[in-house]
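Chemist: This is what each chain is made of:
2 protein chains.
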Amino acid sequence: MTIRSPLAPAAFPDLPEIAGVTRRVARARYKDWDRCDLTYIELTPGTTVAGVFTRNICCSSEVELGREQVRRGTARALIVNAGNSNAFTGYRGRTAVEAIMAQVADHLGCAAGDVFVSSTGVIGVPLPKDKARAGVAAALTAKPCSWEVAAETIGTTDTFAKGAAASAIVGGRTVHVAGIAKGSGMIAPDMATMLGYIFTDAAVAPALLQEMLREAAGGTFNAITVDSDTSTSDTVLLFATGQAGHAPLAARDDPGADALYAAIRQVALDLAHQVVRDGEGASKFIEVQVTRAVSDDSAKRVALAIANSPLVKTAIAGEDANWGRVVMAVGKAGEPADRDRLAIRFGDHWVAKDGLAVDGYDEAPVAAHLKGRDIRIGADLGLGEGRATVWTCDLTHGYISINADYRS
Amino acid sequence: MTIRSPLAPAAFPDLPEIAGVTRRVARARYKDWDRCDLTYIELTPGTTVAGVFTRNICCSSEVELGREQVRRGTARALIVNAGNSNAFTGYRGRTAVEAIMAQVADHLGCAAGDVFVSSTGVIGVPLPKDKARAGVAAALTAKPCSWEVAAETIGTTDTFAKGAAASAIVGGRTVHVAGIAKGSGMIAPDMATMLGYIFTDAAVAPALLQEMLREAAGGTFNAITVDSDTSTSDTVLLFATGQAGHAPLAARDDPGADALYAAIRQVALDLAHQVVRDGEGASKFIEVQVTRAVSDDSAKRVALAIANSPLVKTAIAGEDANWGRVVMAVGKAGEPADRDRLAIRFGDHWVAKDGLAVDGYDEAPVAAHLKGRDIRIGADLGLGEGRATVWTCDLTHGYISINADYRS
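Residue numbers (the numbering used here), protein chains in the order written: chain H, 87 to 494; chain D, 87 to 494.
Any given hint could turn out to be false.
Copies of the same chain are indistinguishable here, so a pair counts whether it falls within one copy or spans any two.
What the hints assert, rightly or not - The calculated lysine to any residue pairs, modelled on SDA-like cross-linking and capped at a C-alpha distance of 20 Å, are:
#, residue 1, residue 2
1, Lys-439, Arg-427
2, Lys-229, Asp-120
3, Lys-217, Arg-121
4, Lys-215, Gln-329
5, Lys-229, Leu-194
6, Lys-439, Arg-180
7, Lys-215, Leu-442
8, Lys-439, Gly-176
9, Lys-215, Asp-344
10, Lys-439, Arg-178
11, Lys-439, Arg-473
12, Lys-439, Tyr-177
13, Lys-217, Arg-178
14, Lys-439, Ile-143
15, Lys-229, Arg-121
It is worth saying that the hints were derived from the structure and are not from the lab.
Construct the entire structure; sequences and hints are all you get.
Modeler: Here it is in C-alpha cells:
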C-alpha cells in the first residue's frame, strides 16, 4: 500500500468473530507482486445472502453472475481476486469465474451458485485460469486469518485496510455484524472499484436480508462519490450465518429486526465513509446535506450535484468559502429549486439566505471551519420536507497525479 | 490575460464588418483593474434577435430578463459587463440591470426591452450602479472599436480573444456572419461563464432566427463541456440587422435560409471550439464521437458521460490509452448499451471490439495519436442509427491550480 491517506482512521478496528465465517488468504500472483491477492471466506451451511451491485451497464461477469446468485438466497463461500477486474473480457472472463465457482463447490460439496466471486484490478485482461486455480487451491487449505489480513488482501490501491463492526440484541441474543471493504483507489491501468462484504451471525430470511441491504445501501454506499465515475464491478454482499441462536427473522416487523437493521446500516455507513476517506488525493472529508427539497430523492440528486461538482471540490481543496459554486451546483441539478429561497452554509455558518449573501457576513468562522479536515456543506432549498446527506472528498493535485501522471 | 492557452489559434481572425453593428468599449472599473470591462454594441433599428440561455435554475437577472426580451424579437443594443456576474444578488441585482437598460434606451430613444445586458465575473455582489452608470455613459460616446477589442473586453479569465466569421449567399447577396465569445475561465472567486454573440446583416424574422439558433446551439455551444459544471449566466445571442438588402427570410424553406443557417452554425461551432481550447488547464482538445446508439439524444448523453468523466479526462492528460475508462463511462451513462457489442477507438485505431480488446492490438499508433494535441475518441454502440459528437479538454494539474490553489 502507498502513503496512508491523511483522512484514514488511526488503526484498524477490533472486529468480533462471526460464528460460521472463516477467512483464508493466498498468493495467486495476478500481478507481479509479492503479496496475498486472493481471499477465501467460507460460510457455514444455511448462510443466507443479499447483494447490491453497480448499475454500470458494462459490468463484469462477476457482477452478472452475482445478481443471479443472490436470487437463490444462499451462500457457502466468497472468493475475492485483487489485481485483475476481469471486466470487458467476454466469454473467457465468464468461464474463468465459473471455473473458480466449480473448484470451490467441489471442495465444499455445495452448489456452484453458492460460491460468490469478485474481482478488481486491471480491466480487459481475462482472469488467468491457471493462476486462479493454484491460488484457490492454496487458499482452501491455508490457515485461517484475521479480519485485518482479509481486509488488506481484498485491497488494490487502497492506502489503508477498512473494517467496521456493530452489534444488536435479537430475541434476547447478542448478534454481531462485521464488515470489510475496499476502494476507492485507481491507478494505471486499473479500474477503481468499491467492494463491501458484511457478515452477521443473525438468522435472516433472504428476502428480508435483501430488503435490509437495499435500504441500508441507499443512504450509505449509494450516497458516496469520489469522482462521479461508476465502476464496472461495484459489489456489496451481506451474509447471515444464522449461528446466533435466535428464531429466524422473516419480516421487517419481527421483534429485533429494527435493531439488526440499525447495526447493519451503521457498519455500511462506517465502511462507506472509509472508502471516501481513501478517495484518491483526498485531503478533506466532505458531508453535503440538502434540506427542504421537494422530496428525499430530489434532495439526493441536488446533494450529488454539489458533491460531484469539480468546482465545489476544488474550492474546498483551496479552503475557499466560494458559496457561489454551491449555488451553481444546486441550479444545475435539474431539480426544483428557487434561487430566492436558497440558503447555503459551511459548517454551522450560514453564508447566504433568501438568494443573497447574508447581511454582515463574517467570513472568519467560515474560514476556520474550512481549514479543518471534516467539512460540512448545507443547502436549504426552502421548498418542502425532502432531505438527503451524501459524502465526498475534495479534488486535489493528488487526484491528477494518481490518474494522469504516468504513461502506460 | 494570463498565459495564452497552448490550444489557442495563432491569431485573432479577420472578421468582416456587419452593416448596422457598431462596437464601443469603456472602463467601468468593476474590479480594481486598468482595462476596458464594459462593451456596448449598437444595433441598427429593425434588428431581430434570438437567444439561448443557461438551464441553471439559479440563473442571473440578466438571463431572466434576456429570456423575456428575446420573446419580443427586436434589439437595439447589447451591454456586456466583465468582472461582476451580478448573479445571486436578488432585487438589487435586477434593478441594476434595469437601470442600464433604461440609460441606453434613453440614449437611443428605443424601448428598454431592446437593450440586452450580460454580466460575468464575481457572484453574490450586486452590480455597482454608479460604476455601471459612468461606464455606460463613457461607452455611449466612445469611438467605435474593432471586433478584437470587443472580444477582449467581454473576456474575464480568458487567455485569448475569441472570434469567428462565415458568409453565405442569400437572394443573390453575400451576407456576413461574425461572432465573438468568452469562456471558460474561472478564478477566485469568480464564476465561469460562456457568453457568445453572433451578428449577421441578413434579414430574418425573429421566429426563424430563434429556430436557427436553437438548432445550431444543440451541436455546438450545447455540445461542449469543460468540467460538467453549468454557469448561472451562460448566454448566446444572435442578432440580424437586415442590412444585406435581400428579401427577409421568414421560413426555413425560404431560398437562402439553409445557406445562412450553415454560416451561423459554422461560426457557432468555431466559437464553441475556441471556448474548449481555452478550458482551464487544458493541454489537449478532445472530440468524442458516439455512433450507432439507439437515438441521437441517447448518443449525446453517452458522449457527454465520456467527455465529463474525470477518469477519461485524466487518462488523456496522461496520454494513456486507457480504453477501460471509456467503457466505464459508456456504462454509467444510463443509456441503452450492450457491453458485448461495444467498440472503442482512439483516433482511427480500434482498441476494443465486441466487448473485448482487439486481437493483436498494437498500441504504438494509438500512443502516437495520444501524444498529439487534438485527440479523438470514438465509441460505437452497435445498436442503432443514433450519433453525436461533443468536445471537451483534458483534466490537468492546471485545472486544480486555477480552481484550488488560492485562499480567498
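Chemist: Each of the hints needs a verdict: does it hold here or not?
Modeler: Here's how the hints hold up against the structure:
no.	hint	result
1	Lys-439 to Arg-427	within (7 Å within a copy, 50 Å between copies)
2	Lys-229 to Asp-120	within (18 Å within a copy, 74 Å between copies)
3	Lys-217 to Arg-121	within (14 Å within a copy, 67 Å between copies)
4	Lys-215 to Gln-329	neither (34 Å within a copy, 74 Å between copies)
5	Lys-229 to Leu-194	within (16 Å within a copy, 89 Å between copies)
6	Lys-439 to Arg-180	between (54 Å within a copy, 17 Å between copies)
7	Lys-215 to Leu-442	between (62 Å within a copy, 17 Å between copies)
8	Lys-439 to Gly-176	between (53 Å within a copy, 10 Å between copies)
9	Lys-215 to Asp-344	neither (43 Å within a copy, 60 Å between copies)
10	Lys-439 to Arg-178	between (57 Å within a copy, 15 Å between copies)
11	Lys-439 to Arg-473	within (18 Å within a copy, 43 Å between copies)
12	Lys-439 to Tyr-177	between (56 Å within a copy, 13 Å between copies)
13	Lys-217 to Arg-178	within (14 Å within a copy, 69 Å between copies)
14	Lys-439 to Ile-143	between (41 Å within a copy, 16 Å between copies)
15	Lys-229 to Arg-121	within (16 Å within a copy, 74 Å between copies)
The structure fails to meet hints 4 and 9 from the earlier list, while all remaining hints are met.
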